[in-house]
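*Asks:* With the hints as extra help, turn the sequences into a complete structure.
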Amino acid sequence: NAGVMQNPRHLVRRRGQEARLRCSPMKGHSHVYWYRQLPEEGLKFMVYLQKENIIDESGMPKERFSAEFPKEGPSILRIQQVVRGDSAAYFCASSPPTVSYNEQFFGPGTRLTVL
Amino acid sequence: DAKTTQPPSMDCAEGRAANLPCNHSTISGNEYVYWYRQIHSQGPQYIIHGLKNNETNEMASLIITEDRKSSTLILPHATLRDTAVYYCIVRVGAGGTSYGKLTFGQGTILTVHP
Chain A
1 NAGVMQNPRH LVRRRGQEAR LRCSPMKGHS HVYWYRQLPE EGLKFMVYLQ KENIIDESGM
61 PKERFSAEFP KEGPSILRIQ QVVRGDSAAY FCASSPPTVS YNEQFFGPGT RLTVL
Chain B
116 DAKTTQPPSM DCAEGRAANL PCNHSTISGN EYVYWYRQIH SQGPQYIIHG LKNNETNEMA
176 SLIITEDRKS STLILPHATL RDTAVYYCIV RVGAGGTSYG KLTFGQGTIL TVHP
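Quick mapping for you: the protein sequence lines, in order, are chains A and B. Per my numbering, the very first residue in the first sequence carries number 1; after that it's consecutive. Per my numbering, the very first residue in the second sequence carries number 116; after that it's consecutive.
Just so you know, these hints were derived from the structure itself, not from any lab. For each residue, glycine too, the CB sits at the ideal point set by N, CA and C. Honestly, I wouldn't trust all of these hints.
[To be verified] Per the computed footprint, the stretches of chain A lying under chain B, defined by three or more beta-carbons under 8 Å from a beta-carbon of chain B, are:
| no. | segment |
| --- | --- |
| 1 | 38-44 |
| 2 | 47-56 |
| 3 | 104-110 |
[Claimed, not checked] Computed beta-carbon distance windows for the label pairs:
| no. | chain 1 | residue 1 | chain 2 | residue 2 | range |
| --- | --- | --- | --- | --- | --- |
| 4 | B | 181 | A | 87 | 42 to 50 Å |
| 5 | A | 81 | B | 181 | 47 to 55 Å |
| 6 | A | 113 | B | 184 | 36 to 44 Å |
| 7 | B | 160 | A | 87 | 18 to 26 Å |
| 8 | A | 5 | B | 125 | 27 to 35 Å |
| 9 | B | 169 | A | 30 | 29 to 37 Å |
| 10 | A | 76 | B | 130 | 43 to 51 Å |
| 11 | B | 120 | A | 96 | 25 to 33 Å |
| 12 | B | 194 | A | 42 | 18 to 26 Å |
| 13 | A | 96 | B | 124 | 32 to 40 Å |
*Replies:* Dropping the structure here:
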């Protein structure tokens, strides 16, 4: 059973470009989470999605950031008009729709560098 | 989710037990204690979780005090590959309003030395 997959693993963008980060959850998992880790800082929750629904986006910056998890295909975190402060590691996690608890399985991350 | 307090760093000799403490004095009755770790810059890895009883799996043991205000993660025979940042997280189980997201603190940097 393959783990959570993220691509690309490394992404370089110039200021003002768009960044698209992809996350394929583990088989059978219908919950996806995105976290961001700025250099020398801890992991911060961004958004929690289920298929075709955003459940909690309380950690998403108000502008330029969006996320989706379509019925078919991977979850996408999209950052428009990137700035240097967006440089970070972006981690995706997935979990199964269990009832009593959920264990989140993390991907290897996408390291975004904005020049 | 309740706030947790962990020591910023700890050392452990290879082959010895590593005991990582966590304080969560404001924990609520429906909140679980989770432990994750992050090795170097990899994605976090789930270790173990518990509600009120002690738990053990192939990776570690979790000891939760009777009043549930603190817990200890035990790695019984630490190896060099256990060097990582260890996060203690308290959160509700299914049905709570914050079900879903994990709130990571600063964690404990565990260094296992030869």
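*Asks:* Hints first: check each against the structure and report whether it holds.
*Replies:* Status of the hints after comparison with the structure:
1. 38-44: holds (count 3)
2. 47-56: Contact hint for the segment 47-56 of chain A vs chain B: holds, 3 residues under 8 Å.
3. 104-110: Check passed, 6 qualifying residues.
4. 181(B) to 87(A): 42 to 50 Å: holds, 46 Å
5. 81(A) to 181(B): 47 to 55 Å: holds, 53 Å
6. 113(A) to 184(B): 36 to 44 Å: This hint holds: roughly 42 Å between Cβ atoms.
7. 160(B) to 87(A): 18 to 26 Å: Between residue 160(B) and residue 87(A), where Cβ atoms are some 24 Å apart, the hint holds.
8. 5(A) to 125(B): 27 to 35 Å: holds, 33 Å
9. 169(B) to 30(A): 29 to 37 Å: For residue 30(A) against residue 169(B), whose Cβ atoms are near 31 Å apart, the range 29 to 37 Å holds.
10. 76(A) to 130(B): 43 to 51 Å: holds, 45 Å
11. 120(B) to 96(A): 25 to 33 Å: Roughly 31 Å apart at Cβ, these two residues keep to the hinted range, so it holds.
12. 194(B) to 42(A): 18 to 26 Å: 25 Å Cβ-Cβ, so the 18 to 26 Å window holds.
13. 96(A) to 124(B): 32 to 40 Å: The hinted range 32 to 40 Å holds for residue 96(A) and residue 124(B), with Cβ atoms some 34 Å apart.
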